[in-house]
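**Q** The residues making up each chain are set out below.
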Amino acid sequence: MKRLINLTPSRGGRWLLGLLPFLLLAMLYISLSNARLAENPNDRLLPTPANMASTFYHLATAENARTGQIVLWADTFASLERIVIGVGISAFIGLIIGIVSGGLPILRAKLSPLVTVASLIPPMAILPILFIAFGTGEAAKIALIVIGVTPFLIRDLQGHALRLPDEQLIKAQTLGASSWQVLLRVLLPQLTPRLLNATRLALGTAWLFLIAAEAIAAQEGLGYRIFLVRRYLSMDIILPYVAWITLLAFLLDQLLAWVSRLAFPWYHSGEGDNA
Amino acid sequence: MKRLINLTPSRGGRWLLGLLPFLLLAMLYISLSNARLAENPNDRLLPTPANMASTFYHLATAENARTGQIVLWADTFASLERIVIGVGISAFIGLIIGIVSGGLPILRAKLSPLVTVASLIPPMAILPILFIAFGTGEAAKIALIVIGVTPFLIRDLQGHALRLPDEQLIKAQTLGASSWQVLLRVLLPQLTPRLLNATRLALGTAWLFLIAAEAIAAQEGLGYRIFLVRRYLSMDIILPYVAWITLLAFLLDQLLAWVSRLAFPWYHSGEGDNA
Amino acid sequence: MSLLAAKRLEKHYGNHVVLENLNFSVEPGEFVTLVGASGCGKTTFLKMLLGTEAISKGSLTLDDQPIPNEPGPDRGVVFQKYSVFPHLTVLGNVMMADELHSSKLLGKSFGAAKRRAIEKAHARIDEVGLDQALDKYPHELSGGMQQRLAIAQALMMRPRMLLLDEPFGALDPGIRQDMHVLINRLWQEQQLTIFMITHDLKEAFELGTRLWVFDKTRHDPQAPEAYGATITYDLPISRDRPSEALKEKLQQGGLQTHTQETLL
Amino acid sequence: MSLLAAKRLEKHYGNHVVLENLNFSVEPGEFVTLVGASGCGKTTFLKMLLGTEAISKGSLTLDDQPIPNEPGPDRGVVFQKYSVFPHLTVLGNVMMADELHSSKLLGKSFGAAKRRAIEKAHARIDEVGLDQALDKYPHELSGGMQQRLAIAQALMMRPRMLLLDEPFGALDPGIRQDMHVLINRLWQEQQLTIFMITHDLKEAFELGTRLWVFDKTRHDPQAPEAYGATITYDLPISRDRPSEALKEKLQQGGLQTHTQETLL
Amino acid sequence: TPAQAQERDEFSVCWSIYAGWMPWAYADVEGVVDKWADEYGISIDVVQVNDYVQSINQFTSGNVDGCAMTNMDALTIPAASGVDSTALIVGDYSNGNDGIVLKGSDDLADIEGREVNLVQFSVSHYFLARALESVGLTERDIETVNTSDADIVGLFSSDTTEAVVTWNPQLNAIAEMPEGNVVYTSAEIPGEILDMMVVNTDTLAANPELGHALVGAWYEVMELIEADDEQALSIMADAAGTDLEGYRAQLDATYMYTDPAEAIELMQSPELLDTMERVAEFSFEHGLLGDMAPNASVVGIETPSGVFGDESNVQLRFDPSFTQAYLDAE
Ligand SMILES: Nc1ncnc2c1ncn2[C@@H]1O[C@H](COP(=O)(O)OP(=O)(O)OP(=O)(O)O)[C@@H](O)[C@H]1O
Ligand SMILES: Nc1ncnc2c1ncn2[C@@H]1O[C@H](COP(=O)(O)OP(=O)(O)OP(=O)(O)O)[C@@H](O)[C@H]1O
Ligand SMILES: [Mg+2]
Ligand SMILES: [Mg+2]
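Protein chains in written order, with the numbering used here: chain A, 785 to 1059; chain B, 785 to 1059; chain C, 4 to 267; chain D, 4 to 267; chain E, 26 to 355.
Bear in mind the hints are in silico, worked out from the structure with no lab data behind them. Certain hints may be false.
Straight-line Cα separation of at most 30 Å, DSS-like style, residue types lysine-lysine; simulated pairs [to be verified]: (1) K205/D to K84/C; (2) K111/C to K139/C; (3) K107/D to K123/D; (4) K84/D to K139/C; (5) K84/C to K786/A; (6) K50/C to K786/A; (7) K894/A to K107/D; (8) K111/C to K786/A; (9) K205/D to K205/C; (10) K84/D to K84/C; (11) K60/C to K786/A; (12) K111/C to K50/C; (13) K894/B to K50/C; (14) K786/B to K111/D; (15) K894/B to K107/C; (16) K50/D to K786/B; (17) K894/A to K50/D; (18) K10/C to K786/A; (19) K107/C to K84/C; (20) K84/C to K50/C; (21) K894/A to K786/B; (22) K139/D to K84/D; (23) K117/C to K60/C; (24) K84/C to K139/D; (25) K786/B to K139/D; (26) K123/D to K50/D.
Every value quoted in this text rests on a predicted model; they were computed, and no experiment measured them.
For reference, chain A alone in the conformation it holds in the complex (with noise of 0.2 Å):
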């Protein structure tokens, strides 16, 4: 018998077992459930999952009256351009001033201890004033999201600017760069795909500003809608919506994984598989 440490399970058994602790929440998930429904049959706590289904698919299918759209995809697609515009302006902020802080030290002695400070301030703190200063509009759910992610990438974006080696800025002016050219040509294309790494790292907090800005002030989008129904706690309507994002969150993320790997191989090439 080998120690612990050294077995490892098979390929198809690793399938499997990560299936397992799924399916005993599943499990665990009905019981509590049909205990609940048996006590009181319009308990709305832990919908069974037929009801949660019927829903999700009435949502996902049937045209609102009012508006003469579908919920689910009005919703999804709201949310969605909220996060992808709020993410991509601060990934391009991001980049800007972390290639620009990390690769001119006169620059970085200014912004370095402002960006410190700011990625300090919980933006949930700040959440009244935000919408106070931006109005209700799309603007103020996208600005929470930029101001939520972009300090945590230009750090991140610096630090790595910081830690390319030396001797590659030295090496390139030895070829005749100048300043711009070294930002453009060494710089920037090295902490691209750091900056879509760094994005994946920062869609969950994206994602989380995201509902919290949805709850306070929207008409539609996914956190918006589980904050509606949350008055009357619906939960056959938020525990399908959770599982949605949850699912859209991933396939983003490996969204960006699959661009990065397609785009910079030289990046990915330290890489084993990171399970």
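Take the given structure of chain A and dock chains B, C, D and E with the ligands to it, following the hints.
**A** For chains B, C, D and E with the ligands alone, coordinates are given in the frame of chain A:
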């Protein structure tokens, strides 16, 4: 004249340069505030610094008539207690599961997909379930922090456990170590400083969830106060509170960094000054 | 009875044949040096001796028993890097083996047991000349000192076999020479059986009593992974004979191809 | 008129004197090899030549002008590591210099300019024998191939001086030998002036026309940072003379201390 | 503010989800507001804000010109912040829409010593104070926990929750739960919790068309409600996240002033002034009029029947003239 990328500010100049953007922001605020107050002396949106200072002083010194406590300290103590307990529990769970799933391939196969999915679920969206499971008191607030932070810690520690050179695990076994001893004497001590580091990264998220939790149901706490007085647009309380939270976050972060450097000098050997 | 013996030993990764048709027997006390082109399977071979890679076909026996399928205290190892624990001091690294042995639960000893462990460790550390650096962490040591530490640590369990994978590959030439003296002395004093991989032919000749050259004997340009490497030369090295002569003989044989490959 | 000259040159970091009292003049076409104990200031010296470290006292002149205070295309450099750009292919790395020159704004050339750059790069790549690996990224190359690439890249600007900081330190002995042949050929063909730091005395003798030994002449045990290293030996090396003889002479002199230090 | 006092032809008003304000949802999507705005040559943007407090903040900070809010919030937030506000439309009063729910008891007096979840310092708080008064208790006899209104239903399911004060639709959802006992509702204090459309006084003075257009649109929808128009009610129900049946249940607990004459009568009655005085006193006791407020009458409140408080600092006005003009035009 040197190239821009080669210009570095002197040590003293660096401090001054770092202060510059803060001064600019302060001036911008004061001029905006003056403009609004000139129009409406009762305006609460951008109070004068003097006003904020006196309110803050009042909160920090005057006893509340009803509870006999000093508001600021009661809030601070309540919030710090929650965040320390919450992050402490997360760190503990993260360390255990991180080590075990990073070190034992057979367990990793079981846990990894679950942790990945769990880390993608926005905790804010499943609040009602949290209330049922943990009640509405301190437990729920701490649970929200734990749920928000733990998946990140687990993934980070698992990743680092995987990145430990195989050579070390093999070496330990050639020295006669059992699986348990490998976990205890190779993984645990090497992951502990990493845990401190990951906890520092996770603190931002923890503050976020703390404030969110306090916004939902609380009787005291920094987030509670902000969300209570936002009703009255009392920026003279909100803004100093945000600054105070930022300061606390900074101090907590530095404390962890200091402990880590003191306790694990070998871990920090490879570091330069990270600006 | 030979210590280690292989019969028609093979190692595949899927369809990729890395090693094939290995046959040898090694007596206790031999010092085998392994050379061969990069990627030909030397490390894979060492891993089979360690027990971290399973054998695919044939047999590999230690004391006439199939080799254990995981690392154990009878086979010490020193890698090119990461052999020592960064979170332990020199003393802590060397004591580790003893502590693991005497305290199954905590892997850490206290009181009298600890004093004994320290004493034993001291002796080992003296042997490799690190007595001035007892309380230093590995990151405070130079590359050469780290490798000495790794050797002292590996020898703490008094293993029967010592496996070295390019242990001096990352060291400066001067320091390297120093390490040769050390390993040679330890080998003789402790009557170890040593397997050492190296890229430096000179090193291989200076240290070993037996040289193995790993190379492919068959090659299919259409399917480069279809055939694996094997031991193409198995030469006894005499300490008395000047290595230069041997080297020339080798080059007349087939080692040119090998050297050329190594140099790309 | 000498290419490079120093007069009472010193370098301090705060109170720490790293180098002091350097006096020399170097003619175009010399191949200077620098040896010395670890941490004695060889890299610091090279950085002053590069312009990334300012001089503290004295003078250092290039063509009788104070040396520029930042790197420029007249002084090429190859480090032990990180000399090539990981995000560019072999061709891209070598073309870089030309592109930076011909397109100030984008640092990237297109059309005819690009074709010309490719052509020029091809020639350089052929010289170092990487013509089979044009479209590979550095991570797909072995250590030796990466250093060849770094050299090809550095020579693209036809610099007057080439600065090498332990360029072959991380390579295997066999590959190292190969690189010696290459660098020697390029030095002769392109009439470069080369400064090369090495830890390998043999290498220093094989390649250089002039050997500098850096060492401290004064030492204060109370304040080890009070005195800096200087050039203690400045020896011409003749290609015809067997290096062995020289080496012995050196060892009789003061190099023993140095070697001992290197070996800790 | 002067900027708002200028003549303009573009305005915005906001509202949040509440039974008595759902007509704005209908008026917005069905183009009723646009129709009336066109008639007066202006345009009005109707904005839904998900979070009630945030919608009032939008009004106070001047981002919008009008906002749907209760009488108490109009006094303690915009008026106390120095924004001169006019209650243009009094749409309804809560007639059971606010309620106190206890677990394990149907006697209000049992609230003594419990933790009560509610939105602190909102009308719920005022309502709770009135309820406590009715059984001879004071706020010192209980403990209040500030709770976000959207989460109060989920919270009630938790075993640790003992009592909540909330409004519809949350109130209905909680009342349906087996352990929920509604022990006191706003039906016991009719006419005290008023839901209104509040607009900036200066803006209204400079642009009376805004007032006329809003009033016109409002009462056009009121006619549909009076007629129990199923299609209109369904649309409102959907916007509120419920169905027709659920929305009707909420309306049952809301006294809608579908008849403009009745609304005018309320505004002119001296009882309104009494109610506002009580609200002002409650607000002062809880520090809602500002830390520096010397007494409850620091903010002047003007109704057709008189002024309460500081006449030189009137910041909240009840103005029936626009409703009157609509009635006259009919
Ligand atoms: N886990 C693995 N899965 C698949 N192939 C592997 C694995 N490990 C090694 N190989 C392959 O086996 C071959 C031999 O690798 P090995 O590391 O033993 O070579 P080596 O002789 O030690 O080379 P080097 O001199 O570079 O250290 C290589 O072609 C490698 O790609
Ligand atoms: N930026 C710096 N600030 C302060 N001290 C420095 C700095 N750079 C180098 N030193 C010190 O200068 C001395 C010389 O360092 P240098 O890197 O030049 O040595 P070296 O001869 O190249 O050593 P090695 O052979 O290990 O490469 C060292 O003691 C080092 O600590
Ligand atoms: Mg190998
Ligand atoms: Mg150096």
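**Q** So which of the earlier hints does this model not fit?
**A** Of the numbered hints given earlier, those the structure breaks are 23, 25, listed in rising order.
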